[in-house]
Amino acid sequence: MLIGRAADIPSSEITPERLYLGRRAFLAAAGMAAAAFALPGAARGLVTAASGRQASRSARDPAGHAATDDKLTPYEQVTTYNNYYEFGTGKDEPALHARAFRPRPWTVEVGGEVAHPARYDLDDILAHVTVQERVYRLRCVEAWSMVIPWMGFPLRQLIDRVQPTSQARFVEFTTLYAPDRMPGERSGVLAWPYVEGLRMDEATHPLTLLVTGLYGRALPNQNGAPLRLVVPWKYGFKGIKAIVRIRFVRTQPQNTWAISAPDEYGFYANVNPAVDHPRWSQARERRIGEFFRRPTLPFNGYADQVAQLYARMDLRRDF
Amino acid sequence: MKLVLARLAKPALFVLCLAPLGVMVFDALTGRLAAEPIKDLTHRTGTWGITFITATLALTPLRRVTGWNRLQSVRRMLGLFAFTYLTLHFLVYLVLDQFFDWHTIAKDITRRPYITVGFTGLMLMVPLAVTSTRGWVRRLGKRWVLLHALIYVTALAGIVHFTWSQKKDITRPTRYAAVLVVLMGARLVPRRALWRGGAREAVAPAQPVQARAATPLVRGAGTG
Numbered sequence: 001m002l003i004g005r006a007a008d009i010p011s012s013e014i015t016p017e018r019l020y021l022g023r024r025a026f027l028a029a030a031g032m033a034a035a036a037f038a039l040p041g042a043a044r045g046l047v048t049a050a051s052g053r054q055a056s057r058s059a060r061d062p063a064g065h066a067a068t069d070d071k072l073t074p075y076e077q078v079t080t081y082n083n084y085y086e087f088g089t090g091k092d093e094p095a096l097h098a099r100a101f102r103p104r105p106w107t108v109e110v111g112g113e114v115a116h117p118a119r120y121d122l123d124d125i126l127a128h129v130t131v132q133e134r135v136y137r138l139r140c141v142e143a144w145s146m147v148i149p150w151m152g153f154p155l156r157q158l159i160d161r162v163q164p165t166s167q168a169r170f171v172e173f174t175t176l177y178a179p180d181r182m183p184g185e186r187s188g189v190l191a192w193p194y195v196e197g198l199r200m201d202e203a204t205h206p207l208t209l210l211v212t213g214l215y216g217r218a219l220p221n222q223n224g225a226p227l228r229l230v231v232p233w234k235y236g237f238k239g240i241k242a243i244v245r246i247r248f249v250r251t252q253p254q255n256t257w258a259i260s261a262p263d264e265y266g267f268y269a270n271v272n273p274a275v276d277h278p279r280w281s282q283a284r285e286r287r288i289g290e291f292f293r294r295p296t297l298p299f300n301g302y303a304d305q306v307a308q309l310y311a312r313m314d315l316r317r318d319f
Numbered sequence: 001m002k003l004v005l006a007r008l009a010k011p012a013l014f015v016l017c018l019a020p021l022g023v024m025v026f027d028a029l030t031g032r033l034a035a036e037p038i039k040d041l042t043h044r045t046g047t048w049g050i051t052f053i054t055a056t057l058a059l060t061p062l063r064r065v066t067g068w069n070r071l072q073s074v075r076r077m078l079g080l081f082a083f084t085y086l087t088l089h090f091l092v093y094l095v096l097d098q099f100f101d102w103h104t105i106a107k108d109i110t111r112r113p114y115i116t117v118g119f120t121g122l123m124l125m126v127p128l129a130v131t132s133t134r135g136w137v138r139r140l141g142k143r144w145v146l147l148h149a150l151i152y153v154t155a156l157a158g159i160v161h162f163t164w165s166q167k168k169d170i171t172r173p174t175r176y177a178a179v180l181v182v183l184m185g186a187r188l189v190p191r192r193a194l195w196r197g198g199a200r201e202a203v204a205p206a207q208p209v210q211a212r213a214a215t216p217l218v219r220g221a222g223t224g
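Residue numbers (this note's numbering), protein chains in the order written: chain A, 1 to 319; chain B, 1 to 224.
Hints are computed from structural coordinates only; laboratory data are not their basis.
Where a beta carbon is used, it is the ideal one built from N, C-alpha and C, also for glycine.
Wrong hints could be hidden among the right ones.
Said to hold, decoys possible - The calculated label-pair distances, taken between Cβ atoms and stated as ranges, are:
1) A:Ala311 / B:Val182: 41 to 49 Å
2) B:Arg172 / A:Arg104: 32 to 40 Å
3) B:Val182 / A:Phe292: 39 to 47 Å
4) A:Asp314 / B:Trp102: 29 to 37 Å
5) A:Pro278 / B:Thr174: 15 to 23 Å
6) B:Ala9 / A:Arg294: 26 to 34 Å
7) A:Arg294 / B:Val23: 28 to 36 Å
8) B:Thr104 / A:Ile259: 24 to 32 Å
Unchecked claim - Capping the alpha-carbon separation at 20 Å, the derived lysine to any residue pairs in SDA-like fashion look like this:
9) B:Lys168 / A:Arg279
10) B:Lys39 / B:Asp169
11) B:Lys167 / A:Ala261
12) A:Lys91 / B:Met24
13) B:Lys168 / A:Phe292
14) A:Lys91 / B:Lys168
15) B:Lys39 / A:Tyr81
16) A:Lys91 / B:Thr171
17) B:Lys167 / A:Asp92
18) B:Lys107 / A:Phe292
19) B:Lys39 / A:Arg279
20) B:Lys167 / A:Val249
21) B:Lys107 / A:Arg279
22) B:Lys168 / A:Val195
23) B:Lys168 / A:Ala143
24) B:Lys167 / A:Trp280
25) B:Lys167 / A:Val189
26) B:Lys167 / A:Asp276
Build the full structure now, drawing on both the sequences and the hints.
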């Protein structure tokens with residue numbers, strides 16, 4: 001696959017693998033040092049030590065609209081703290097149970113209201129796009145957040161290639177259904193396979209990414225290998241993983257969490273500090289690695305880029 | 001020798017009950033908590049709290065099945081450990097999670113049902129902890145038994161709180177609920193029918209060990 005990276009990122013700015021993989025030892029040392037202080041102080045030292053390096057790169061992609069000055073969440077936490085019920089409901093379970101998962105060979109079925117319906121090999125898809133690095137905030141509906149350097153390409157590039165018809169108003173995504181390979185799918189905790197959807201203008205928005213990697217490496221299985229969606233202004237559950245089917249449809253598709261609890265999770269799922277989850281507040285969030293909660297921003301801080309998509313909507317009703 | 005072991009059993013159990021707290025402190029100081037350390041501590045203290053409630057409620061049926069009356073003598077300790085872990089659970093929320101954000105805390109307690117229920121359960125434990133001393137057991141007499149039946153309400157509140165706090169997967173609270181249902185059911189079986197301990201209770205003179213703290217509790221548990 002073709003990996004293009006903006007030429008203005010010096011490789012010296014990218015954390016060497018041995019550094020971020022050696023984080024645990026560093027953390028332990030930091031924790032011990034912190035133990036010398038009073039307990040609250042120690043706890044604070046512990047969490048700030050975990051928060052990794054500063055991502056001060058301002059233009060990671062040619063458009064320059066996706067960069068963030070937030071500190072990157074360390075690789076280890078990005079890859080061991082996951083919500084991916086296909087591999088178990090515990091946050092640590094995906095990393096454990098997805099180890100043997102083989103994400104290749106992989107095909108994606110593209111269908112519905114589209115000029116060129118076909119089953120595409122993932123390598124074929126990747127041959128026609130430019131993979132770039134994008135640092136995005138990820139805000140989970142559970143009120144925690146991370147900052148992740150994804151590798152991916154705008155969904156729009158694929159959409160332009162397959163040419164949906166004028167009838168297409170929404171895009172529906174489906175995760176692999178393979179209980180023998182995804183043990184969580186043997187449980188009835190959600191209705192499988194996982195499905196998600198976007199409105200066409202959301203899908204073609206330049207921030208919307210199909211992701212194939214993170215931290216400059218292939219996407220780990222527990223993060224949704226080999227192909228997942230990332231929509232940074234929406235709650236994390238919109239970022240469907242291990243995508244095997246993309247359909248262009250006329251009516252609003254269902255999405256798994258909204259099926260599961262329609263009063264708690266909506267179709268739009270835009271990050272919105274003003275609309276609480278029925279059981280917890282969405283006003284603030286815990287950034288992984290930080291001690292205090294921080295305020296949650298409307299549209300996860302991407303309001304300038306996306307708010308106009310929802311200009312005439314009541315976001316309390318369409319949460 | 002047997003006497004020495006018997007005397008050591010209770011302190012040993014005390015240390016064992018402190019072990020989960022020790023592990024938490026160690027993990028916190030050495031960076032071994034989960035990616036959301038505060039949530040991790042909240043979950044662990046809560047889980048140990050409900051575990052200790054369950055253990056406390058398991059003693060009476062266990063004693064009747066095994067006829068091992070000495071079990072009764074550790075019930076107060078287990079109950080107080082349940083209270084300790086659940087107080088820590090609340091303190092983690094109050095101090096670490098919300099950092100004394102009274103506005104949010106008041107809103108949580110009044111408007112979020114799972115927090116309302118959990119907080120109520122904990123508050124109901126306060127009088128039980130206060131009246132757990134020998135003096136209060138004596139002073140309250142039969143009313144002590146009635147008062148301490150509140151532990152059943154707390155247990156139920158704990159299960160409801162645990163269940164409602166889960167995003168989707170309620171396997172773990174369901175397991176605790178199942179165990180509690182069995183423990184409650186065991187109390188409904190007439191004691192003389194099959195319990196060895198029950199038969200002995202009726203004839204055997206109270207042992208000094210039991211007589212100290214446990215005698216009123218024994219009767220109380222029988223009525224629960």
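Structure-based check of each hint:
{"no.": "1", "hint": "A:Ala311 / B:Val182: 41 to 49 Å", "result": "violated (57 Å)"}
{"no.": "2", "hint": "B:Arg172 / A:Arg104: 32 to 40 Å", "result": "holds (35 Å)"}
{"no.": "3", "hint": "B:Val182 / A:Phe292: 39 to 47 Å", "result": "holds (43 Å)"}
{"no.": "4", "hint": "A:Asp314 / B:Trp102: 29 to 37 Å", "result": "holds (32 Å)"}
{"no.": "5", "hint": "A:Pro278 / B:Thr174: 15 to 23 Å", "result": "holds (21 Å)"}
{"no.": "6", "hint": "B:Ala9 / A:Arg294: 26 to 34 Å", "result": "violated (49 Å)"}
{"no.": "7", "hint": "A:Arg294 / B:Val23: 28 to 36 Å", "result": "holds (29 Å)"}
{"no.": "8", "hint": "B:Thr104 / A:Ile259: 24 to 32 Å", "result": "holds (31 Å)"}
{"no.": "9", "hint": "B:Lys168 / A:Arg279", "result": "holds (12 Å)"}
{"no.": "10", "hint": "B:Lys39 / B:Asp169", "result": "holds (17 Å)"}
{"no.": "11", "hint": "B:Lys167 / A:Ala261", "result": "holds (10 Å)"}
{"no.": "12", "hint": "A:Lys91 / B:Met24", "result": "holds (18 Å)"}
{"no.": "13", "hint": "B:Lys168 / A:Phe292", "result": "violated (26 Å)"}
{"no.": "14", "hint": "A:Lys91 / B:Lys168", "result": "holds (13 Å)"}
{"no.": "15", "hint": "B:Lys39 / A:Tyr81", "result": "holds (12 Å)"}
{"no.": "16", "hint": "A:Lys91 / B:Thr171", "result": "holds (15 Å)"}
{"no.": "17", "hint": "B:Lys167 / A:Asp92", "result": "holds (16 Å)"}
{"no.": "18", "hint": "B:Lys107 / A:Phe292", "result": "holds (19 Å)"}
{"no.": "19", "hint": "B:Lys39 / A:Arg279", "result": "holds (16 Å)"}
{"no.": "20", "hint": "B:Lys167 / A:Val249", "result": "violated (30 Å)"}
{"no.": "21", "hint": "B:Lys107 / A:Arg279", "result": "holds (11 Å)"}
{"no.": "22", "hint": "B:Lys168 / A:Val195", "result": "holds (17 Å)"}
{"no.": "23", "hint": "B:Lys168 / A:Ala143", "result": "holds (15 Å)"}
{"no.": "24", "hint": "B:Lys167 / A:Trp280", "result": "holds (11 Å)"}
{"no.": "25", "hint": "B:Lys167 / A:Val189", "result": "holds (10 Å)"}
{"no.": "26", "hint": "B:Lys167 / A:Asp276", "result": "holds (14 Å)"}
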